[in-house]
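Spelled out, the chains give:
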Amino acid sequence: MYCLKGKSAIQLNINDEIHDVVIRPSDVLLHTLREQLGLTGAKPGCENGDCGACTVLVDGWPVKSCLMLTAEAIGKKIMTVEGLKSAPIQRAFIEKFAFQCGYCTSGFLMVCHALAAIHQNPPDAVIDEWLQSNICRCTSYEEIGTAIRAVLSGEM
Amino acid sequence: MIPFDFEYYRPDTIQEAVDTFRQLDLEGKSPVYYGGGTELISMARVGSRSFGSVVDIKNIPECRILGFDRDVLQLGSALTLSDITESDLFPLLTKTAGRIADHTMQCKITFGGNLASTIIYRETALPLLLTDARLTVAGENVLADTEISQVFRDRLTLQKGSFLVKASIGRRFLSAPYFHAKKTKNEKIDYPLLTAAGVKTDGTIRAAFSGLASYPFRDSNVETLLNDSNLDFSQRADKIVQALSGIILNDSYGSAEYRKFVLKNTVVNILETMKDQGPCTA
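Chain order of the listed sequences is A and B.
Counting in the numbering used here, the final residue of the first sequence is number 159, and the numbers go up one at a time with none missing.
Counting in the numbering used here, the final residue of the second sequence is number 634, and the numbers go up one at a time with none missing.
No lab work stands behind these hints: they were computed from the structure.
No incorrect hints appear here.
Think about it this way: if two alpha-carbon atoms lie no more than 25 Å apart in a straight line, the pair counts; the simulated DSS-like pairs of lysine-lysine are: (1) B/K616 <-> B/K540; (2) B/K410 <-> A/K10; (3) A/K8 <-> B/K410.
Work the whole structure out from these sequences, hints included.
Listed below in structure tokens is the structure:
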């Protein structure tokens, strides 16, 4: 049985690199990424699981890092927006003008990247369902939809 | 940030989980079982829930089971809602789980966590109530397999130190004609003003509701009215609204009168949808 009591040193696999961090069992992944590792791509927004700005991938699936204990991430493969490294969805966001202020962008990128990896040819209903997990206050939804469809169609 | 400290335990077996919980309780560390953790983290963050230790059950193989044992579908309590929707082995549960929170949250919320939620909706209970599911509960030296009605009365009622391991559903229900509708106040992703689920089995419609009252429920009087062929659909809906009027919520999501209006239309929709559906072929 694994257990964690008090402040402890652990290892996390983030963007295919092993990182040593010191955490409390009550720390959430969002703050560990930002404050211990300087990976500030995951944004604090509502911190209540509503906005999606903090979305990262856990073993390939999108998860809101504000609602995940860092301790739960031990043994998992975490990917943040810093790990995308010129993925097709990033080029699509630029070419299709899929952001304005950019605060929500990293969360949307992670959801779109996971969708393209998991569903090769999803129907519109599935695309809409996945994108509804994130909020863009600048309302770039149309352009974000265009960007993910460009990736899924092989245009990017 | 969660404003208090706690200890984190991740047992590998059912027995280890039960023993750990008991020991932590004896030590006064106010343990809680932990699945997806979305509700516990969000409540802890705002100070409406506190605990001294969490026992994470996601590493217990029996809590991750997903598949058939002969003619019974087994669903582990630590499966995420997206595990269930992606596998699509139980279409009514797929529909129900797919309308809880948003897709990304469905990748974290667990099946057992939704059933055990303190939030009143617990929508995954509806398909289980409709299909006479059996729940396996682990407790002090016991692994008990019971009818859902014995441990889910408005909410999951487990003894201290017990936790839900899995749910079992007979294969014959999985292909039965079904109905699912979730009505929200405004946005698609929201708590339900009313979620209605139904299945038709042996020529009879069963129905269960969430959001209408302060707990999810299946009611035999409602089902008698639903299947009363002496009444037309509108009359049946009127009588069901009348029968339930004493428990219908009246809150900021919707007035009782509005909920009655939505309920009546939803009941008629259930009847219209299922009128031509044959009995479940067992």
